[in-house]
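Q: Please model the complete structure; the sequences and the hints are all you need to start from.
One line per chain: the protein sequences are A and B, in this order.
Quick note on our numbering: the first sequence kicks off at 1 and runs consecutively.
Quick note on our numbering: the second sequence kicks off at 1 and runs consecutively.
Hints are supplied without guarantee of correctness; some may be wrong.
No copy labels: a pair is met if it fits in one copy or bridges any two.
To be verified - Result set (DSSO-like, lysine-lysine): computed pairs, CA atoms no more than 30 Å apart in a straight line:
1. K22 <-> K74
2. K22 <-> K91
3. K9 <-> K22
4. K91 <-> K9
Keep in mind the hints are simulated off the structure, nothing from the lab.
Everything numeric in this text was worked out from a predicted model, so none of it was measured.
Chain by chain, the residues run as shown.
There are 2 protein chains.
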Amino acid sequence: MSKFGMYVKFTAHAGQRDALAKLLLESAESANAFEECELYIVNISDTEPETVWVTEVWSNEAAHDASLGLDETKAAIQRAMPLIAGVEPIKLQPIGGKGL
Amino acid sequence: MSKFGMYVKFTAHAGQRDALAKLLLESAESANAFEECELYIVNISDTEPETVWVTEVWSNEAAHDASLGLDETKAAIQRAMPLIAGVEPIKLQPIGGKGL
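A: Below, the structure is given as C-alpha cells:
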C-alpha cells in the first residue's frame with residue numbers, strides 16, 4: 001500500500017502562532033502512540049510570521065483518516081480552532097528518499 | 001543551532017515528471033553520505049501531474065548551503081535542468097515533532 005503524506009499550512013490569528021505551534025507539538029507527542037504515523041514535524045517560517053507548516057507521513061491514507069476519528073484528535077482540534085485563521089493541506093504520495 | 005528545512009516544489013516539463021522523480025531519488029541516495037542531511041523525501045502529487053515535492057531537513061542551514069557547492073550536487077542539477085519548468089522553494093524552521 002502506498003504511503004500517504006501531507007504538508008498542512010496553518011495560518012494563525014495575529015499573535016497566536018506560537019500558541020498554535022505548541023498545540024501542534026502536543027499533537028506530535030500524541031502521534032508517538034501511532035506506529036503508522038511515521039513523521040509529524042512542526043515547522044515555523046522566517047518569512048510568514050503567522051504560518052505553521054506540519055509535515056506528515058503515514059504508512060497509508062486509511063491510518064491517517066482513522067486518526068481523525070479518535071476522541072483525542074477531535075479534542076486537539078477543538079483546542080486549536082480558536083487560534084486558526086486558515087488551513088491549506090497539500091496531499092502527497094511519498095515515493096522514497098532518505099528518512100522514509 | 002537551528003535545524004533547517006525546505007519544501008521544494010519542482011514542476012516538470014510535460015511528461016517528464018517520472019524522469020525527474022527518478023533523478024531526485026538518486027540525489028536522495030547521495031544524501032545518505034551526509035550525516036547533516038536528516039530527511040530528503042521525494043513525493044509526487046495525485047492532483048498535480050507535473051509536480052514533484054521534496055521535503056528536506058538539515059541539521060543546520062550552513063550544511064545545506066555547503067551541499068550545493070559540491071561537484072556531485074552541481075552535476076545532479078545539470079542532469080535535472082532539462083526536465084524542470086519551475087522550482088519554488090519554501091524555507092522552514094523545523095521546531096520539533098515525531099521523526100525529527
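Q: Hints first: check each against the structure and report whether it holds.
A: Here is what the structure says about each hint:
1. K22 <-> K74: Within one copy only: 17 Å inside, 39 Å across.
2. K22 <-> K91: For K22 and K91, both the intra-copy (23 Å) and inter-copy (20 Å) Cα distances are at most 30 Å.
3. K9 <-> K22: both (15 Å within a copy, 27 Å between copies)
4. K91 <-> K9: Both. Shortest intra-copy (11 Å) and inter-copy (13 Å) distances satisfy the 30 Å Cα cut-off.
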